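Listed here are the chains, written in short residue letters.
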Amino acid sequence: MHADTARQTISRSPLVLEGLVKNFGGVTAVAGVDLEVASREVVGVIGPNGSGKSTLFNLIAGMLPMDEGRVWLDGKEVTGQPAWRIARAGLARTFQIPSLFDNISVHDNLMAAAVESGDWKRAPHRAKETMEMLEISHVADNLASELSGGQQKLLEFGRVCMRDPSVILLDEATAGVHPNIRRIMLEAIRRVRDSGATFLVIEHDMEMVREICDRIVVMDAGQVVAEGSFDEIADNIEVQKAYLGRQV
Amino acid sequence: MVSKLSRSRFSGVLASFVGLVILAVLPGFVDPYSLRIVTGVLMWAGLACAWNIVGGYAGYISFGHSAFFGIGAYVTGILMQRDLGIPFLATLPLGILVAVGVAAAIGGPTMRLRGAYFAIATWAFAEMLMQVAIILDITGGTAGLSLPAYLNEFFFYYTMLVVALLAYLGTWYLLERTRFGFRLKALRDHEPAAEAMGIHTTLVKVQAFALSAGITSLFGSIYAYWVTFIDPRSVMGPEITDQMVVMVLLGGLGTVWGPALGATVLWLINRYIWSELGDTTIYLPILGLIIAMIVLFLPNGLISLLPGGRRGGGLMGRLLRKL
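Taken in sequence, the protein lines are chains A and B. Numbering-wise, the first sequence is residues 1 to 248 according to this note's numbering. Numbering-wise, the second sequence is residues 1001 to 1323 according to this note's numbering.
Take these hints with a grain of salt, some might be off.
Restraint ranges, calculated between C-beta atoms of paired labels, are given here [stated by the list, open to error]:
#1 B/L1014 <-> A/R85: 43 to 49 angstroms
#2 B/Y1117 <-> A/N180: 16 to 22 angstroms
#3 B/A1090 <-> A/R85: 38 to 44 angstroms
#4 B/L1203 <-> A/P48: 35 to 41 angstroms
Negatives, chain A to chain B, calculated, CB over 12 angstroms [claimed, not checked]:
#5 L35
#6 E68
#7 A89
#8 R93
#9 A112
#10 E135
#11 H178
#12 P179
#13 R183
#14 V209
#15 E227
#16 E238
These aren't lab readings, by the way, just hints derived from the structure by calculation. Remember, it's a predicted structure, so these values are computed and weren't measured experimentally. We treat Cβ as the ideally placed atom computed from N, Cα and C, and that holds for glycine.
Please model the complete structure; the sequences and the hints are all you need to start from.
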């Protein structure tokens, strides 16, 4: 009875993680993370450097093999599958350092993102819409390598949008960008969320976390040490310990 | 902006048309020796185009393409022997099939390797295949294999012309106008990001390798019938791949028409040295010097000097960093 209930819950949630573990030699980077993200929810993952956030993303996306644990995407188990198969199942991600296709244009970067998903004939139209949403139409013919750091972040998010995924992992999408780029990014995230996508967001910018995240998960030493709303997390002693190493 | 683009496109179409007309009527205006040189240019342009699919579009440096050239040459050579007597044209698809099959089998494991490991693996494969050709009876071993002579330079000129044109137009369409091209360029520029977009990178790389091998084999078949005598060194020697690589780098890595430009310039230099100095090894240090000059001064190749040539210099650097 209990197992049936659990399965029903899993089938309803776009992203479910169960006991994810990853060791690098003697170091445990992710130590049994459980997490469930509801539809259209934006969950922020915060924590000090080295707490396992990016490794967690790589495990979910299939870019690192996990030692233990299971992952469900839209109710379908994707544990152990290669990255390309997990992507086709509906997961999209950005990287901490923008991973663009440097030697092709901005427009072609967006087109390349659509090759495995959606209606290919409509891809040029969708690329145009995406560039307008992200206000990068004026650099459509520029090589990706010619963009500023902020524009590169926007383009990477644009590639995610082109895929129309159900779950999006954003790894520091607004780190170090101009406030105007940050505003464009925030609006775009809200728009994509409203159209039905679910987000898991690694972010160090607490203002951004406060603005867009419905829930926050705090990681330290590979574990989830706290979970809740922004205000709950801000007052949490475990969180303060994780960040400052002592109680304040 | 629009009229500028249209004008540029019109100039391109006009230049292509004029070029085609010149190529079509050329045999009526040049002596047989010059025609043979131009036939060679067409063959090398086609080979450079084939290598560019893997080296320029997928970003993997193959030093094993001479093996596919040799496969095409030997399939045609063996099948056209008197006891089998298969017509030349019928041998072409068989050569392609064998090369594509071998490339798929080799590509499966080797295209999971990166950088220098892939280059070394393909080089070792080509060397191995050349040694096999040396010891087998069916290939004639080091004594080589003679094919029935067909002494019609016009036939070989037009065959090379048609096949080279088809190779370039097919490559242009496939790599610049279809999903396959986007997949290939994506994995070249950032393989993990390409996978994160759902691209099955290993499969796409093997497809590109097989396509490239098929085209290379086709030119090997035509070459064998053209020169009427082949041996392992002449159709599987490493110089064949070396020339393909240098031609692509010289013309413009990862561009559609750059390899044709590189092949034209390099093959004319090759023939000039040969006619002036005879069969000398001086060509090899010249090849090395050309590579060094391109890396230092012309990372985007000769094509970047033409109007509308590619800007930026990332591809050459990316490829070299992989080694």
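To see whether the hints hold, each was checked on the structure:
1. Checking the proposed 43 to 49 angstroms range against B/L1014 and A/R85 shows it holds: the Cβ atoms sit about 47 angstroms from each other.
2. One distance hint, 16 to 22 angstroms for the beta-carbon pair B/Y1117 and A/N180, is violated here, with the actual separation near 44 angstroms.
3. Look at B/A1090 against A/R85: about 41 angstroms separates their beta carbons, and that is inside 38 to 44 angstroms.
4. One distance hint, 35 to 41 angstroms for the beta-carbon pair B/L1203 and A/P48, holds here, with the actual separation near 40 angstroms.
5. Against the 12 angstroms criterion, A/L35 stays outside the reach of chain B, whose nearest CB is about 20 angstroms from its own CB.
6. At the 12 angstroms boundary, the C-beta of A/E68 stays outside the reach of chain B, the nearest C-beta of that chain being 23 angstroms off.
7. Here A/A89 does not stay apart from chain B, with its beta-carbon only about 9 angstroms from theirs, under the 12 angstroms limit.
8. For A/R93, the condition that its CB be more than 12 angstroms from all CB atoms of chain B is violated, with the nearest at approximately 5 angstroms.
9. Taking the minimum C-beta to C-beta distance to chain B, about 4 angstroms, the non-interface status of A/A112 is violated against the 12 angstroms cut.
10. At roughly 19 angstroms, the least C-beta separation between A/E135 and chain B is larger than 12 angstroms, which holds for a residue marked as non-interface.
11. A cut-off of 12 angstroms between C-beta atoms confirms that A/H178 is not in contact with chain B; the least separation is 23 angstroms.
12. Once the 12 angstroms rule is applied to beta carbons, A/P179 is consistent with being away from chain B; the minimum gap is 27 angstroms.
13. Residue-level check passed: A/R183 sits 25 angstroms from the nearest beta carbon of chain B, beyond 12 angstroms.
14. With a closest Cβ-Cβ approach of about 23 angstroms to chain B, A/V209 is found to remain outside the 12 angstroms limit, as its non-interface label requires.
15. No beta-carbon of chain B is positioned within 12 angstroms of the beta-carbon of A/E227; the least distance is around 27 angstroms.
16. At roughly 32 angstroms, the least C-beta separation between A/E238 and chain B is larger than 12 angstroms, which holds for a residue marked as non-interface.
Going through the hint list in order, the structure does not satisfy hints 2, 7, 8 and 9.
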